[in-house]
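Protein chains in written order, with our numbering: chain L, 0 to 271; chain B, 68 to 438.
For the record, the hints were derived by calculation from the structure and aren't laboratory data.
For each residue, glycine too, the CB sits at the ideal point set by N, CA and C.
Errors might be hidden in some of the hints.
[To be verified] Residues from chain L shown here face chain B by an in silico Cβ test under 10 Å; the list is partial: (1) PHE25; (2) CYS178; (3) THR180; (4) PRO232.
[Said to hold, decoys possible] Computed footprint of chain L on chain B, listed as stretches where at least three residues anywhere in the stretch have a Cβ under 8 Å from a Cβ of chain L: (5) 87 to 98; (6) 137 to 148; (7) 219 to 231.
[As the list claims (entries may be wrong)] If you anchor each label on the Cβ, the simulated ranges turn out as follows: (8) B:ARG158 x L:GLU202: 40 to 50 Å; (9) L:LEU142 x B:ILE96: 28 to 38 Å; (10) B:ASN81 x L:ARG106: 54 to 64 Å; (11) B:LEU399 x L:GLU202: 50 to 60 Å; (12) B:ILE183 x L:GLU40: 18 to 28 Å; (13) B:ALA302 x L:ALA14: 57 to 67 Å; (14) B:ASP423 x L:GLU107: 44 to 54 Å; (15) B:GLU80 x L:SER190: 56 to 66 Å; (16) B:ARG201 x L:GLY16: 28 to 38 Å; (17) B:THR286 x L:GLU143: 50 to 60 Å; (18) L:ARG106 x B:GLU389: 51 to 61 Å.
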Amino acid sequence: MTVLRRNNVKLHGPADGRPMVFAHGFGCDQAMWRYVWPAFEDRFRVVLFDYVGSGESDLSAYDRHRYGSLDGYAADVLDVCGELDLRDVVFVGHSVSAMIGVLAAKREPQRFGALVLIGPSPRYIDDDGYVGGFTDADIDGLLESMDSNYLGWSAAMAPVIMGNPDRPELGEELTTSFCQTDPEIARHFASVTFRSDNRADLERLEAPCLIVQCSDDPIAPESVGRYVAGRLPGSSYVELDATGHCPNLSAPAETIAAIEAFVAAPAAADRT
Amino acid sequence: MTGAEESAEDLFENAPCGYLSCRPDGTIIRVNRTFEAWTGFTRDALLGRRFRELLAPAGRIYYETHYLPVLQLQGSVREIALEIVRADGTRLPALINSTLHHHESGRSAVVRTTVIDATDRRAYERELLRARRRDQEVAQQLQRSLLSGELATSATLDVDFAYLPGQNDVEVGGDWYDAFWLQDGVRVALVVGDVVGRGIAAAAAMGQLRSAIRALASTGLAPGPLLDALDRYVARHSVGRMTTVVYAELELEAGRLRYACAGHPPPIVIQPGERARYVWDGRSPPLNAVAPAGSRPQAATRLEPGGMLMLFTDGLIERRTESLDAGLDRLLAEIPRHDATDLGRLLAGVVRGVVDEHDDDICLLAARRAR
């Protein structure tokens, strides 16, 4: 089993282009980027993948120990980068993948040229003097509802085959469900994601970063985005008009523009 | 009533489900009377609010990370289970279906949602989950009671075991161990086996095979013929097919050890002052794996005074991300790292050393001749 198969890696754009690696968050898979990555495939080597346990990754490679912390997910990123021997990577991470990218970039800084952190949160649960937006009880509730709504989960995740006359371009892909997940794995990923505390990992990050903050994001509120920006000296911060937690889906044009402007700026520009 | 008397307006307002229309960002722009009645919110209180504001924090996470992405990628979402917080703070368990409708320009315009009251259904689901947990508990109790009982020990024989049931709420497996006298104080039988499958059925099959081996052993069968007889038992009674088992008998006075292995990981022999090694003889396929079974081979060796025999199940050596050989090597390397004075502590230490997180049962049995 190669890493490329294990992580369902998809490549687009020129082989000698600067690599741009898109990493999905909790709850979905690389489909999250489908309205974004095509804007970069003319110049960039676009790398899409699913974390083990998500999307069309090899579920048999899921190991509760390895994926018991975000480090295991960062190892997936590094495995993909290593397998493709990528350098000067523009890493684009959504949601929990923003911090996963930070962990990966700290472990192998030589691979990363710039990081785009969309809706980052280094800690979701409130702490002394820190507002993450959630309480321990909220996260317990999330895990509980995943337990008690197991049937609901299955229903939501099972392949949904239905007509979609409004979006014919989605075509055949609709015969498989988007964001399908093994409920047990999803629950574990949720627990690891929402109970992690990676605030200390924001120290001494070398690569230039762009923080992309949505207005009115209930998962990673603006105060958290500003906290991340404050802990990453030299980072850029941009707030989108887009609301919610998934601008890559709800406002792809605005998201693309923010990434474009960042990678064109001298700090994050191609260093090779 | 004729069809003409059923107005579209009334059908919308008083439908047997809640109706909501939202902008793509979730802002509520229209609701029906049913939804008002179910939630206790007036229309004025609802219009202009975001739908997710009606959800508890846990539901909001699910809404943002699952419902919205799927809706935006797929254009529709079905049977999402969420709880809506009513005006009085109580919760309405609901099933949500949504479709995304576009203007002709191609830009998304409105999300139409139906809300179905799932109070009874949710209660039923909880019942099912409780029942499943109860089943697991019963199976665990059954497993524990089947494995309970004294192991054969004497002044010249030390026997102990380490047993870890599978973690992560999985159902019980069918691993077992046994040590019983064939002739009191003279000859002992040592057994470790692994029934395929999980749950009550696996635990029950394990209990039957464990008893069958005790009964067959009492007739004086040697290890190979005993496994042949067990094969016939498995085939005749359709129980425990593909079970793997290792059966050994040890004569304490001379240290003569005879053993046979049906599809099971090999025994470990540790002679005093020597390294631990696997003994790979006396091997044949799992029980009733190939019909008709021939005569199964057995092997013999000598266990020196102070020597030790270890039997175990594959949970001890299997890791998903590794080859079996790596697991076998790791186990051998682990044994000398622990003080062997106390057998029970040695086994516990070895298990701790080679296992991190495990879904499978883990069983390790050891017998040591006195010096």
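For each hint, the structure was consulted:
1. PHE25: 6 Å, holds
2. CYS178: 6 Å, holds
3. THR180: At 9 Å from the nearest chain B Cβ, THR180 (chain L) passes the 10 Å test, so the hint holds.
4. PRO232: 30 Å, violated
5. 87 to 98: Coverage by chain L holds here, the residue count being 3 at a Cβ distance below 8 Å.
6. 137 to 148: Satisfied; 11 residues make the cut.
7. 219 to 231: The restraint on the region 219 to 231 of chain B is violated, since only 0 of its residues have a Cβ under 8 Å from chain L and three are required.
8. B:ARG158 x L:GLU202: 40 to 50 Å: 41 Å, holds
9. L:LEU142 x B:ILE96: 28 to 38 Å: 33 Å, holds
10. B:ASN81 x L:ARG106: 54 to 64 Å: 60 Å, holds
11. B:LEU399 x L:GLU202: 50 to 60 Å: 42 Å, violated
12. B:ILE183 x L:GLU40: 18 to 28 Å: 42 Å, violated
13. B:ALA302 x L:ALA14: 57 to 67 Å: 59 Å Cβ-Cβ, so the 57 to 67 Å window holds.
14. B:ASP423 x L:GLU107: 44 to 54 Å: The hinted range 44 to 54 Å is violated for ASP423 (chain B) and GLU107 (chain L), with Cβ atoms some 24 Å apart.
15. B:GLU80 x L:SER190: 56 to 66 Å: With a Cβ separation near 42 Å, GLU80 (chain B) and SER190 (chain L) fall outside 56 to 66 Å, so the hint is violated.
16. B:ARG201 x L:GLY16: 28 to 38 Å: 57 Å, violated
17. B:THR286 x L:GLU143: 50 to 60 Å: Given about 54 Å between the Cβ atoms, the range holds.
18. L:ARG106 x B:GLU389: 51 to 61 Å: 22 Å, violated
The structure fails to meet hints 4, 7, 11, 12, 14, 15, 16 and 18 from the earlier list, while all remaining hints are met.
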